[in-house]
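Chains as they are written, first to last, in the numbering used here: chain A, 14 to 365; chain B, 14 to 365.
Just so you know, the hints here were simulated from the structure itself, not pulled from any lab data. All residues carry an ideal CB built from backbone N, CA and C; glycine is no exception. A portion of the hints provided could be inaccurate.
Below, simulated PhoX-like cross-link-like pairs (lysine-lysine); rule was C-alpha separation at most 25 Å, straight line [as the list claims (entries may be wrong)]:
id: 1; chain 1: A; residue 1: Lys272; chain 2: A; residue 2: Lys148
id: 2; chain 1: B; residue 1: Lys148; chain 2: B; residue 2: Lys270
id: 3; chain 1: B; residue 1: Lys93; chain 2: B; residue 2: Lys105
id: 4; chain 1: A; residue 1: Lys286; chain 2: B; residue 2: Lys93
id: 5; chain 1: A; residue 1: Lys148; chain 2: A; residue 2: Lys127
id: 6; chain 1: B; residue 1: Lys287; chain 2: A; residue 2: Lys279
id: 7; chain 1: B; residue 1: Lys200; chain 2: A; residue 2: Lys270
id: 8; chain 1: A; residue 1: Lys272; chain 2: B; residue 2: Lys279
id: 9; chain 1: A; residue 1: Lys287; chain 2: B; residue 2: Lys270
id: 10; chain 1: A; residue 1: Lys286; chain 2: A; residue 2: Lys270
id: 11; chain 1: B; residue 1: Lys200; chain 2: A; residue 2: Lys287
id: 12; chain 1: B; residue 1: Lys272; chain 2: A; residue 2: Lys287
id: 13; chain 1: A; residue 1: Lys286; chain 2: B; residue 2: Lys200
id: 14; chain 1: B; residue 1: Lys270; chain 2: A; residue 2: Lys286
id: 15; chain 1: B; residue 1: Lys105; chain 2: A; residue 2: Lys287
id: 16; chain 1: B; residue 1: Lys91; chain 2: A; residue 2: Lys200
id: 17; chain 1: B; residue 1: Lys287; chain 2: A; residue 2: Lys272
id: 18; chain 1: B; residue 1: Lys286; chain 2: A; residue 2: Lys270
id: 19; chain 1: B; residue 1: Lys91; chain 2: B; residue 2: Lys105
id: 20; chain 1: B; residue 1: Lys267; chain 2: B; residue 2: Lys286
id: 21; chain 1: A; residue 1: Lys93; chain 2: A; residue 2: Lys105
id: 22; chain 1: A; residue 1: Lys91; chain 2: B; residue 2: Lys200
id: 23; chain 1: B; residue 1: Lys286; chain 2: A; residue 2: Lys279
id: 24; chain 1: B; residue 1: Lys286; chain 2: B; residue 2: Lys272
id: 25; chain 1: B; residue 1: Lys93; chain 2: A; residue 2: Lys270
id: 26; chain 1: B; residue 1: Lys272; chain 2: A; residue 2: Lys286
id: 27; chain 1: B; residue 1: Lys287; chain 2: A; residue 2: Lys270
id: 28; chain 1: B; residue 1: Lys267; chain 2: B; residue 2: Lys279
id: 29; chain 1: B; residue 1: Lys105; chain 2: B; residue 2: Lys332
id: 30; chain 1: A; residue 1: Lys93; chain 2: A; residue 2: Lys127
id: 31; chain 1: B; residue 1: Lys127; chain 2: B; residue 2: Lys91
Stretches of chain A that chain B covers, calculated by requiring three or more beta carbons in the stretch to come under 8 Å of a beta carbon on chain B [unchecked claim]:
id: 32; region: 171-183
id: 33; region: 201-211
id: 34; region: 224-235
id: 35; region: 279-288
Protein chains: 2
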Amino acid sequence: MALHIALDAMGGDRGPEEMVSGAVMAACGSDLEISLVGDQDRLGSILATHNSSSSRIHLVHASQVVGMEESPFDAIRKKKDSSIMKAFALHKEGRVDAVVSAGNSGATLAAALKLLGRLEHVSRPGIAGIFPTLKGPVVMMDVGANVDCRPEHLFQFGIMAAAFSQVLFGLDRPRVGLLSIGEEGGKGNVLVKKSHELFQQSSLNYIGNVEGRDTFQGDVDVMVCDGFVGNVCLKLSEGLAEAVMGMLGEEISKSFKAKLGYLLAKDAFVSFKKRVDYAEYGGAPLLGIRGNGIICHGRSSAVAIKNAIRVASEMARNKVNDRILELFSLDHLLMQQVDTPLLDTAVSGVTT
Amino acid sequence: MALHIALDAMGGDRGPEEMVSGAVMAACGSDLEISLVGDQDRLGSILATHNSSSSRIHLVHASQVVGMEESPFDAIRKKKDSSIMKAFALHKEGRVDAVVSAGNSGATLAAALKLLGRLEHVSRPGIAGIFPTLKGPVVMMDVGANVDCRPEHLFQFGIMAAAFSQVLFGLDRPRVGLLSIGEEGGKGNVLVKKSHELFQQSSLNYIGNVEGRDTFQGDVDVMVCDGFVGNVCLKLSEGLAEAVMGMLGEEISKSFKAKLGYLLAKDAFVSFKKRVDYAEYGGAPLLGIRGNGIICHGRSSAVAIKNAIRVASEMARNKVNDRILELFSLDHLLMQQVDTPLLDTAVSGVTT
Numbered sequence: 014m015a016l017h018i019a020l021d022a023m024g025g026d027r028g029p030e031e032m033v034s035g036a037v038m039a040a041c042g043s044d045l046e047i048s049l050v051g052d053q054d055r056l057g058s059i060l061a062t063h064n065s066s067s068s069r070i071h072l073v074h075a076s077q078v079v080g081m082e083e084s085p086f087d088a089i090r091k092k093k094d095s096s097i098m099k100a101f102a103l104h105k106e107g108r109v110d111a112v113v114s115a116g117n118s119g120a121t122l123a124a125a126l127k128l129l130g131r132l133e134h135v136s137r138p139g140i141a142g143i144f145p146t147l148k149g150p151v152v153m154m155d156v157g158a159n160v161d162c163r164p165e166h167l168f169q170f171g172i173m174a175a176a177f178s179q180v181l182f183g184l185d186r187p188r189v190g191l192l193s194i195g196e197e198g199g200k201g202n203v204l205v206k207k208s209h210e211l212f213q214q215s216s217l218n219y220i221g222n223v224e225g226r227d228t229f230q231g232d233v234d235v236m237v238c239d240g241f242v243g244n245v246c247l248k249l250s251e252g253l254a255e256a257v258m259g260m261l262g263e264e265i266s267k268s269f270k271a272k273l274g275y276l277l278a279k280d281a282f283v284s285f286k287k288r289v290d291y292a293e294y295g296g297a298p299l300l301g302i303r304g305n306g307i308i309c310h311g312r313s314s315a316v317a318i319k320n321a322i323r324v325a326s327e328m329a330r331n332k333v334n335d336r337i338l339e340l341f342s343l344d345h346l347l348m349q350q351v352d353t354p355l356l357d358t359a360v361s362g363v364t365t
Numbered sequence: 014m015a016l017h018i019a020l021d022a023m024g025g026d027r028g029p030e031e032m033v034s035g036a037v038m039a040a041c042g043s044d045l046e047i048s049l050v051g052d053q054d055r056l057g058s059i060l061a062t063h064n065s066s067s068s069r070i071h072l073v074h075a076s077q078v079v080g081m082e083e084s085p086f087d088a089i090r091k092k093k094d095s096s097i098m099k100a101f102a103l104h105k106e107g108r109v110d111a112v113v114s115a116g117n118s119g120a121t122l123a124a125a126l127k128l129l130g131r132l133e134h135v136s137r138p139g140i141a142g143i144f145p146t147l148k149g150p151v152v153m154m155d156v157g158a159n160v161d162c163r164p165e166h167l168f169q170f171g172i173m174a175a176a177f178s179q180v181l182f183g184l185d186r187p188r189v190g191l192l193s194i195g196e197e198g199g200k201g202n203v204l205v206k207k208s209h210e211l212f213q214q215s216s217l218n219y220i221g222n223v224e225g226r227d228t229f230q231g232d233v234d235v236m237v238c239d240g241f242v243g244n245v246c247l248k249l250s251e252g253l254a255e256a257v258m259g260m261l262g263e264e265i266s267k268s269f270k271a272k273l274g275y276l277l278a279k280d281a282f283v284s285f286k287k288r289v290d291y292a293e294y295g296g297a298p299l300l301g302i303r304g305n306g307i308i309c310h311g312r313s314s315a316v317a318i319k320n321a322i323r324v325a326s327e328m329a330r331n332k333v334n335d336r337i338l339e340l341f342s343l344d345h346l347l348m349q350q351v352d353t354p355l356l357d358t359a360v361s362g363v364t365t
């Protein structure tokens, strides 16, 4: 049977038009069923402007919308008929196999947690970021859901991101690294040092500490960090890439010769932009919930949405959660051990 | 009287030749006195290859060298006659006004702490990183000296980096931001939230939380973070800039037309590289010690060393430490308040 994806069609900064375009593109190139969740009348009229008569795109009404700046917890408490809550409700009822949203990411996470709940063994579901590198993509987890973490949380992020990497990128034994500030195991903060000990004992293909400069070299498949560090990295990378292109553009615009050169080299710039475009993977998978979810960038284009729908369907088709549970079971003894909170040991290691 | 800078001439990955070249360049364009500290015979013969007959370059013998991978604490305990220890000993004796080293940065920090000690009010000296942006430079502190911090440490980093920014970049009221994962004061991890409360009460020109994507926009002059996050940012930026140029280069090399275009635009690329080159500021100032120090990148070129010597001399000439003490005195009531350790409150806020 064809997979069915729910799209929060009211989310994102670019409005429902962009969401509907993304859904139409996704339906067109696949056999997926897609439910657009949101204001049925508005979505219906946008859909009518497309020349798509696909019977695989459905409309599901939701009377409310969660704003980008709303408090996630207020949003899920007070707006029970929002497009994001409705999308996850469809998933809970088994009517769809995955949810994609470019809306308020905190509310998306909160809705997933409330309606689907956590996967067995998982203390903290998190968000995995997919970064382009000189070789293949690298998965970084967590990139924002959990800002204060304990070692066992980082260990679980490693397991979940490795399972995702296996399923999505077909890697048999993804190389898992712990993001730190020196390659030796003794380097890092207390959280990283304690986490390193757990990873060393695990059955993951753990390659030790990796540094920020390794992120884009492609020599590691999974980078583990807490959600504060991961989110800073995500936004710094975005900002730096934009600034680099901005500064280069300023320099090029200073001379006619350079502008001419740019025109000649333009195809290369376009290929480059495509290569580093976050839209290629569409969004960031939400891992550790009893279901499949993708959180997209607020600025997502239709292409990003199309790709996010593809990734969401691959997560469902290849049963990423079963793979996560398999990896957890390989380390079940270690998992029992870390059921004892490590916070106290971690904190006692903080020196003044 | 002319200022006198000690250069650890044995430090750095490129060998003493590069260090001596940097010193010759620095002496040539200024009235600075420079002491090259290290193997006197070797440095003497390198210096002889330069056509510089400057009487302002001196040789100070040190019989030992600290390797890049040595443990800082072992190094300062066991190698008392290393070039880095000798350089700081000269500073302690008042024979030089500042120290520049491209050697083992942990050992540089440890030597400074052991021989010069901490500045009054400073709990944790740290390292400030200087990043190029679309507008002016931004100072990020700490970028690696302190991986586990308390709110009062972050507050002190803010004061020290603001003083540096005043003195070096002539900013009257540098805009100080706290690196976090959302602009609202309520966003961030426990450390950032507690630090935010301190900054809000301070007399600094505190603009609130800033995000990684703001780093390169030039809308903030000082970014405060713990040394783990700062070091990750520093290395991620280096890695990303290299990867961006690498990927762009690969795309350009794929077609003859693009290669021709690149040749025409080459001047723009060169100006761009100069603009983002870490060598422009030479290195990272060590702030919070009773003296002036610059820690340079191990890969520092002669130009980077020359610039680091210039920055070190400006720190000494403009008495950055007096400015730090002035800023501390403006917030002395707040400083007394934070003398009570905030770690316990911070930790109790960590939820599971």
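Check the hint pairing B:Lys287 with A:Lys272 against an upper bound of 25 Å on the C-alpha distance. holds, 19 Å
For the pair supplied as a hint, B:Lys267 and B:Lys286, is the alpha-carbon distance within the 25 Å limit? holds, 22 Å
Mind checking the alpha carbons of B:Lys127 and B:Lys91 for me, to see if they're no more than 25 Å apart? holds, 13 Å
With a cut-off of 8 Å between beta carbons, are at least three residues of the region 201-211 of chain A near chain B? Check passed, 4 qualifying residues.
Hey, B:Lys287 versus A:Lys270, does the alpha-carbon distance stay inside 25 Å? Roughly 19 Å separates the two Cα atoms, so the pair holds.
For the pair supplied as a hint, A:Lys286 and B:Lys93, is the alpha-carbon distance within the 25 Å limit? violated, 52 Å
Going straight from one Cα to the other, do B:Lys287 and A:Lys279 come out at no more than 25 Å? Distance ~22 Å between B:Lys287 and A:Lys279 Cα, so the pair holds.
Hey, B:Lys105 versus A:Lys287, does the alpha-carbon distance stay inside 25 Å? violated, 55 Å
B:Lys286 and A:Lys270: Cα distance at most 25 Å? holds, 18 Å
25 Å Cα cutoff - pair A:Lys286, A:Lys270: holds, 22 Å
Please verify the coverage claim for the region 224-235 of chain A: does it have three or more residues whose C-beta sits within 8 Å of some C-beta in chain B? holds (count 7)
For the pair we were handed, A:Lys93 and A:Lys105, check the Cα-Cα distance against 25 Å. holds, 14 Å
Hints 1, 2, 4, 5, 7, 11, 13, 15, 25 and 32 from the earlier list are contradicted by this structure; the remaining hints agree with it.
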